[in-house]
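Just need the whole structure built from these sequences, with the hints factored in.
The chain contents come next:
There are 2 protein chains.
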Amino acid sequence: MTTDISYRPIGVIHSPLTAPGAGPPQGVFAPDIEGTVEVFPEFAQGLTDLSGFSHLYLLYHFHLAGDVELLKKPFLDDSPRGIFAIRYFNRPNPIGLSVVRLTGISGSSDNILEVSEMDILDGTPLLDIKPVVPGFDYRDDVKVGWLEGKISPDR
Amino acid sequence: MTTDISYRPIGVIHSPLTAPGAGPPQGVFAPDIEGTVEVFPEFAQGLTDLSGFSHLYLLYHFHLAGDVELLKKPFLDDSPRGIFAIRYFNRPNPIGLSVVRLTGISGSSDNILEVSEMDILDGTPLLDIKPVVPGFDYRDDVKVGWLEGKISPDR
Numbered sequence: 255m256t257t258d259i260s261y262r263p264i265g266v267i268h269s270p271l272t273a274p275g276a277g278p279p280q281g282v283f284a285p286d287i288e289g290t291v292e293v294f295p296e297f298a299q300g301l302t303d304l305s306g307f308s309h310l311y312l313l314y315h316f317h318l319a320g321d322v323e324l325l326k327k328p329f330l331d332d333s334p335r336g337i338f339a340i341r342y343f344n345r346p347n348p349i350g351l352s353v354v355r356l357t358g359i360s361g362s363s364d365n366i367l368e369v370s371e372m373d374i375l376d377g378t379p380l381l382d383i384k385p386v387v388p389g390f391d392y393r394d395d396v397k398v399g400w401l402e403g404k405i406s407p408d409r
Numbered sequence: 255m256t257t258d259i260s261y262r263p264i265g266v267i268h269s270p271l272t273a274p275g276a277g278p279p280q281g282v283f284a285p286d287i288e289g290t291v292e293v294f295p296e297f298a299q300g301l302t303d304l305s306g307f308s309h310l311y312l313l314y315h316f317h318l319a320g321d322v323e324l325l326k327k328p329f330l331d332d333s334p335r336g337i338f339a340i341r342y343f344n345r346p347n348p349i350g351l352s353v354v355r356l357t358g359i360s361g362s363s364d365n366i367l368e369v370s371e372m373d374i375l376d377g378t379p380l381l382d383i384k385p386v387v388p389g390f391d392y393r394d395d396v397k398v399g400w401l402e403g404k405i406s407p408d409r
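Protein chains in written order, with this note's numbering: chain D, 255 to 409; chain B, 255 to 409.
Keep in mind that the hints are not guaranteed to be accurate.
Copies of one chain are not kept apart here, so a pair can be met inside one copy or by any two copies together.
Unchecked claim - Calculated pairs, DMTMM-like style, for lysine to aspartate or glutamate (alpha carbon to alpha carbon, straight line, at most 20 Å):
1. Lys404 - Asp332
2. Lys327 - Glu402
3. Lys326 - Glu402
4. Lys327 - Glu288
5. Lys397 - Asp331
6. Lys326 - Asp364
7. Lys397 - Glu368
8. Lys326 - Glu296
9. Lys404 - Asp331
Treat the hints as calculated values from the structure; they're not laboratory data.
Below, the structure is given as structure tokens:
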């Protein structure tokens with residue numbers, strides 16, 4: 255169970271965000287930032303039926319992450335917090351999770367996803383894509399710990 | 255960009271679900287299934303501040319996944335769908351994403367998370383934990399493609 259697990263990127267993210275720290279803390283705060291998700295052609299068949307979904311989870315590798323920090327001051331607070339209670343990238347396994355809005359599909363193999371609400375750095379290796387399904391993922395009674403009161407109350 | 259990426263499990267998931275296919279398609283359909291998330295003690299400091307959150311994303315390795323299927327008939331439909339438009343585990347990179355409810359923290363190093371809404375198989379290697387933050391993750395206008403009408407309308 256402690257052996258290494260190996261993944262191979264299925265694509266790469268293209269974004270106007272090129273400098274570490276250039277992005278918004280979350281894509282929801284950047285509805286106008288657009289980008290593309292290039293899925294390598296050998297995986298394009300897996301994109302079948304994706305166009306009916308408005309929002310996608312992108313799972314990706316924080317390729318510019320530095321050394322692990324188990325405690326870290328997050329963007330929205332002045333106190334250090336446990337790395338698993340924040341979204342910062344210097345994690346034991348630097349896997350990123352973002353919600354993006356799917357605005358179109360293009361490319362010669364229908365393998366380029368056009369998206370907005372982008373908060374991911376240009377050149378980031380893509381690991382997986384999953385559809386956002388509120389019926390699976392959303393809960394009504396969510397408590398957000400140290401973030402309580404730090405983001406707008408209807409969120 | 256196509257070189258392998260290597261991760262090491264940060265813990266292991268303990269669950270009453272032991273047979274592949276035994277679990278519910280999603281934890282939201284199984285509010286009474288409980289389990290524990292054992293985080294290896296060397297990462298326990300990263301759990302600081304987690305107790306204030308009611309729900310967590312668990313990212314994990316589908317360790318019993320089989321060969322990749324780019325098209326697959328999902329649980330909730332009779333037609334094959336693209337693998338990136340469903341949540342099935344035989345993915346190019348078999349990374350699972352589940353929302354669980356955090357009900358307690360125990361263990362000599364405060365490293366055992368007690369959770370419900372469990373849909374993960376016993377023995378699954380854990381890769382990452384992130385807090386669920388509706389203000390970051392939830393959207394109001396989500397279209398769910400082929401799943402439209404297949405799950406209850408308030409979801």
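Verification of the supplied hints:
Proximity of Lys404 to Asp332 under the C-alpha cut-off of 20 Å is restricted to the intra-copy arrangement: shortest distance 12 Å within a copy versus 44 Å between copies. In the homo-oligomer, the alpha carbons of Lys327 and Glu402 lie at most 20 Å apart inside one protomer (16 Å), although the nearest pairing across protomers, at 40 Å, exceeds that limit. In the homo-oligomer, the alpha carbons of Lys326 and Glu402 lie at most 20 Å apart inside one protomer (18 Å), although the nearest pairing across protomers, at 40 Å, exceeds that limit. Taking identical chains as interchangeable, the C-alpha atoms of Lys327 and Glu288 are never at most 20 Å apart, the minima being 28 Å within one chain and 32 Å between chains.
Taking the closest pair of Cα atoms, Lys397 and Asp331 come within 20 Å of each other only inside a single copy of the chain (17 Å); across copies the shortest separation is 33 Å, beyond that limit. In this assembly of identical chains, Lys326 and Asp364 lie within 20 Å of each other by CA distance solely across copies; the values are 19 Å between and 40 Å within a copy. When the C-alpha separation of Lys397 and Glu368 is checked against a cutoff of 20 Å, the pair qualifies only between copies, where the shortest distance is 16 Å, while the shortest distance within a copy is 33 Å. Within a single copy, Lys326 and Glu296 get their C-alpha atoms only as close as 39 Å, which misses the 20 Å cut-off; across copies the closest is 16 Å, which meets it.
Taking the closest pair of Cα atoms, Lys404 and Asp331 come within 20 Å of each other only inside a single copy of the chain (8 Å); across copies the shortest separation is 40 Å, beyond that limit.
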